[in-house]
Amino acid sequence: MTTYRVCCFLRRFGAASNEPSEAIRDVFQAYADGGGVVGEEVMAFAAEQTLLKKGGLTAEGFHRWLCSDANAALDPRRGVYQDMGWPLSHYFIYTGHNSYLTGNQLSSGCSERPIVKALLDGVRVIELDLWPNSTKDEVEVLHGRTWTSPVELNKCLDAIKEHAFVASPYPVILTLEDHLTPDLQAKVAKMLKQTFGDMLYISESESMAEFPSPDDLKGKVIISTKPPKEYLQTKSGKEEAEDRAEEEGVWGEEISDGKATARQMSEQGSGKYGAEEAEEEPLDGEAEKKARQQGADSEYNRLIAIQLTRRKHDMDQDLKVDPDKVTRLSLGEKAYEKAIVSHGAHIIRFTQRNLLRIFPRSTRIMSSNYNPLMGWRYGVQMVAANMQGHGRKLWLTQGMFRANGGCGYVKKPDILMNSDPDKLFDPKADLPVKTRLRVTVYMGDGWRFDFRKTHFDKCSPPDFYARVGVAGVAADTRMEQTRVMMDSWIPAWDREFEFPLAVPERALLRVEVHESDNHQKDDFGGQTCLPVWELRPGIRAVRLCDHKGQPLRSVKLLMRFEFFPSSSSSNSK
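Residue 1 is where the sequence shown starts when you use the UniProt record's numbering, and the numbers rise one by one after that.
Source of the hints: derived by calculation from the structure; they are not laboratory data. Each hint should be verified, as a subset may be incorrect.
[Claimed, not checked] Straight line, CA to CA, 35 Å or less: simulated DSBU-like cross-link-like pairs of lysine-lysine:
1) K155 <-> K193
2) K155 <-> K334
3) K312 <-> K334
4) K325 <-> K428
5) K521 <-> K453
6) K548 <-> K218
7) K453 <-> K334
8) K548 <-> K458
9) K161 <-> K325
Work out the full structure, taking the sequences as your base and the hints as a guide.
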């Protein structure tokens, strides 16, 4: 019996029980003998569920096994399985933005600790903004022209060296946004060589005809340029108001299919690409001439393996593919959104050989994130994420890079690498359904162990509901919701949903649990995001994470995943 005090009286509720739900008992009985114990028929179940056991199994034991980590939705024994021998441009890469910030973009501290955490989480692209210190004789890392407090560059480099290959053996790309004079560039070059030594990848020529593969670059740190800015562009009041509005809500706006954004950008017209941001903008003509006269440090230039192309602000030219040379291009999110309206096919062709990075606009003061789906649909390898900007968009990024053993590199699907003009992928097209995913949400448990009795409701047990959906191409993006289970720490929803999928090889399963509250905002109960193409069919345990993406100690859902041909369907309950 569970008791809650309300004013001067007590409310009593039945004790939480983790007995198998009716639906789970029905599944168990399908394989059990007449005595309620799984006997010889268990071999049929073992074949379907990869269940290994000795002797009989009761419904309770069966339920406990289903909820164990050994029965996780993603195979816990599966490591890197994709072919890692293709050029870097063939992979989505786990990419950080302003990797040194501990909080917001305006006034938080800078530290090596967020860099360490990102690397341990599998992030493979680390960004450092390099500025002269107040006496112009040393290099600091900070978010320039803000009130962020700096951190010493050598601390960041030492942290990268120590932790770069703990979570993954595949290359770390270090992007340096360089605001330095030639003498400080020379100092940075010396620090890079002393810190990384043989770990530093140095290209044999100034330009590459093709990028090396992740396999070729195992254990290597790669330097990529971000030339200095000459000025800081400001935002209009309207744009700042839009950003503030977007950051309202605890977990960010709901994930959209992207159609509204495309319509909005189309209505605004093509405009001038990239005019809204200058984060990675290379020097203009006069500044470039001045830099040449000063003489950029040659050793520093030699260490830069992946060059950043100077933008011409003409998308036809910016996205032109050079058959003899590969490069990296960076676009701010607004310039990119305009580009996908008018140059979507160009972006897909460009990213088949070259690297493209999208970075969040500078007025995302609270470190919110750009919707990564908008980049992945067109083959963009590097959708930069603020790792301290927790919410639904970062959850998508974390979900994507749980794939392929969490190594930070996920191979792009073949549809994005087909260069035949007649077969070039169009994410906005009316795509045929390839397969159907049926998801059954049976129940959840674990909140009673990880949270105080009054965490969700001071007067009664929580009223949980689950949200389940898919994020991917526009045709696949959808979210559904169960009913609210009142006054229960162990909600049994037993709800089935079906999702037709046009591009299952890049669809992400989204799961959220919230506690319904009639008087204020619903409480957060956990979330996860999983690559659909790696889901194990059958009844599986799905561990939920907190708002930062860290696994909760005890909270899991019991769910079933079934895949069917595109021609078949079922009615949702």
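Now for the hints, and whether the structure bears them out:
1. K155 <-> K193: holds, 15 Å
2. K155 <-> K334: holds, 33 Å
3. K312 <-> K334: Holds: K312 and K334 sit about 16 Å apart, inside 35 Å.
4. K325 <-> K428: holds, 30 Å
5. K521 <-> K453: holds, 19 Å
6. K548 <-> K218: Within the cut-off at roughly 29 Å; holds.
7. K453 <-> K334: violated, 45 Å
8. K548 <-> K458: At roughly 25 Å apart (the allowed maximum being 35 Å), K458 and K548 satisfy the hint.
9. K161 <-> K325: Distance of about 30 Å is within 35 Å: holds.
In the structure shown, a violation is registered for the earlier hint numbered 7 alone.
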